[in-house]
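Whenever a hint applies, use it, and build me the whole structure from the sequences.
There are 2 protein chains.
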Amino acid sequence: MALDREAANRQVIQIFQEAAPTLIELKPAIEVIPGMTRETLLHAGAPISWENMCGPMQGSVLGALVYEGRAPDLETARQLVERGEVHFDACHNHAAVGPMTGIISPSMPVWVMEDRTHGTVAYCNLNEGPGQSLRYGANGPEVIARLHWMQSVLAPRLREAVLRSGGLAIFPMIRSAVEMGDECHSRNRAALSLLVQALLPHLLASNLSSPEIAEVFQFLIGRDYFFLNITMAACKAAWLSAEKVPGSSIITAHSRNGVEFAIRLQGQWFTAPSPAVNGHYFPGFSQADANPDIGDSAITEASGLGGFAVGGAPAITGFIGGTPAELMAANLEMYQITATESQHFVLPVLGNRGTPTGVDVVKVLETGICPYITTGIAHRQAGVGQVGAGRLRAPLACFEKAAAALLNLD
Amino acid sequence: MALDREAANRQVIQIFQEAAPTLIELKPAIEVIPGMTRETLLHAGAPISWENMCGPMQGSVLGALVYEGRAPDLETARQLVERGEVHFDACHNHAAVGPMTGIISPSMPVWVMEDRTHGTVAYCNLNEGPGQSLRYGANGPEVIARLHWMQSVLAPRLREAVLRSGGLAIFPMIRSAVEMGDECHSRNRAALSLLVQALLPHLLASNLSSPEIAEVFQFLIGRDYFFLNITMAACKAAWLSAEKVPGSSIITAHSRNGVEFAIRLQGQWFTAPSPAVNGHYFPGFSQADANPDIGDSAITEASGLGGFAVGGAPAITGFIGGTPAELMAANLEMYQITATESQHFVLPVLGNRGTPTGVDVVKVLETGICPYITTGIAHRQAGVGQVGAGRLRAPLACFEKAAAALLNLD
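Chains as they are written, first to last, in this note's numbering: chain A, 1 to 410; chain B, 1001 to 1410.
I should point out that these hints are in silico values taken from the structure, not numbers from a laboratory. All C-beta atoms, glycine included, are put in the ideal place defined by N, C-alpha and C. Keep in mind that the hints are not guaranteed to be accurate.
To give an idea of the chain A side of the interface with chain B (calculated C-beta under 10 angstroms), a few residues [to be verified]:
(1) G181
(2) A190
(3) S206
(4) S210
(5) G222
(6) A313
(7) I316
(8) T323
(9) M328
(10) L347
(11) V349
Shown next, in the form of structure tokens:
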């Protein structure tokens, strides 16, 4: 019944609006993620079998097995998978999120994000930065070596700062970053600069030496995407208890495994074929190289960020293409398919109007307007990496399936 | 002759467009500023006598004399001035600039900014941050104590970082900050965050201890205005050699002593009564408390920043008032009175159009459009401090005087 749905939607929106996601820890996935085992690899998007995974996700899987020491090389890793010795599951099924291929393996350090209002806890791995990286399907020796360094050197130092901080409130940082022209999906420059300023006093107060602290910032500064995984974990934590509200038509995530584009409604998956991204390619690459849309990062668009805040981020056009006018028009359209305006994030250019928040499946169906997403683009083959960035619309079909399910539930 | 003027203007614009102001040193004013003496106090705006100075400038003067140890208290300092034992001059007459009252005294550390293209060098003091501060006319014991700490503790550490950097290119930092929603006159949040990131590796590479480094950042972070003085010195350095080009109708600065609003053309002063600021006041203050427009900071508007970049800084409205639409309209108007578009600073919201640059006295007269300025507001009495921020138009009368002088020169 529509009345119940309205009440459910109010409850879901209230949960998100009152959420206070706080970065409280950084620990190996095996120690904190519910249901994580030594045999498990989590991935972005809806559950998918090895055979059906796209090229870059397979590349990440093989790289992660080498990183974990389960195989000495990529070929042996492939045999391990084909013998059925790797257990796959979706990040979202474990209160986690991962950008692009989204592979989280047991030894990887993960951000631990607690919504201090509702007590829910979510997880995301550390971002490796631009260029060749595991999350884009690259899996060469430098990629694996960087992951080992992040695990053994970077993470313990960052953990020190996080623990000393007593917990970093993330949504206020994102709010400031949005005021500074980030949309916090594909542009994170201001957010990263705010993170540096937030970590700095705690690292300086620790027992770490200046060279040890310098190494941390040498890695962070310039790696703007490093903040994205923190944003993703914060959004996941903020929506977690909302996923348990029955009857709601508000989605809690867009989530793509590189083959299927999924939305999450009441904790269930509704999928459609993953679309191509309208891309702005790095030199030497084109649409022919591009994998379809991939990654859990578009949880930002479910949270009033990314394409839902991009009207305030005109500097992003150099990276994702488009024009400021096009981005603003798309951003404004999102108010037609959302339940409310964010109390967390505001757009100064719209006189501090809250960003459109809470994508309502019913409104998407009624208007035919689909969520607007900014995103990075992976090469379609394993082992290559990022080839560009761009923008796209979520496919209508997954909203149609969700609406049909809603009718059955009503 | 108009032909000569066009050639002169092209030359002036070329100088600014090719300038590469670089932060190279931080030294006591007495050691570096040409013509500085132990008896000298430099001030913002055109030259003015003690009797004619506005309240906050007199307050700053008295505070500076206590800071310098020339008087044990403000009353003795006043007697010193009245006995004629203090030599006053305009900052601009010494290749320097100072925000608000702009008092630079001999012991104050000053940024040394070299335009590496033309070899010119300009100077600005350190910004004390918000609240009660000497530059706003406050002169209590905490204000003086902070200045002593900045001189003896902060400046040597910052100097260490600047020297280790080999020189920090400032215009590229400002370009990034403008892309991040600063206009770099009254909003400097992104610029400050970029400065923190630029100084960090050099401080960590120094022999300073972690607590010593932490003190530096504890002071800097949150004091967004700290970057303004760096921007001002950079702009002054960039225009310095342009001031020597005869026949040009492009101004090189707006400069206000709190009584008169001046523009600088070919190194000469043209003044009009300083207007009131359309202010956005801190709680408890109103227009009745406000001093007329004051400070050398509006050299930013002569350089394609401040009101000339404010269309890209909508978050500033919470601080200076107005609406994003009003700020954008005023910003766009500035293209009608400027010679060119900046090659240094671009507005992403206008598709990376260069900011309007090079205010042409002739175009101001032809259009009747006056430069749009964002600014802080000082209390009109000595000793109080900042009471708000706002926006205003430069007075037409000083452009009329400059145009008349141009005709005589032609």
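Against the structure, the hints:
no.	hint	in the structure
1	G181	holds (5 angstroms)
2	A190	holds (5 angstroms)
3	S206	holds (8 angstroms)
4	S210	holds (5 angstroms)
5	G222	holds (9 angstroms)
6	A313	holds (8 angstroms)
7	I316	holds (8 angstroms)
8	T323	holds (6 angstroms)
9	M328	holds (9 angstroms)
10	L347	holds (8 angstroms)
11	V349	holds (4 angstroms)
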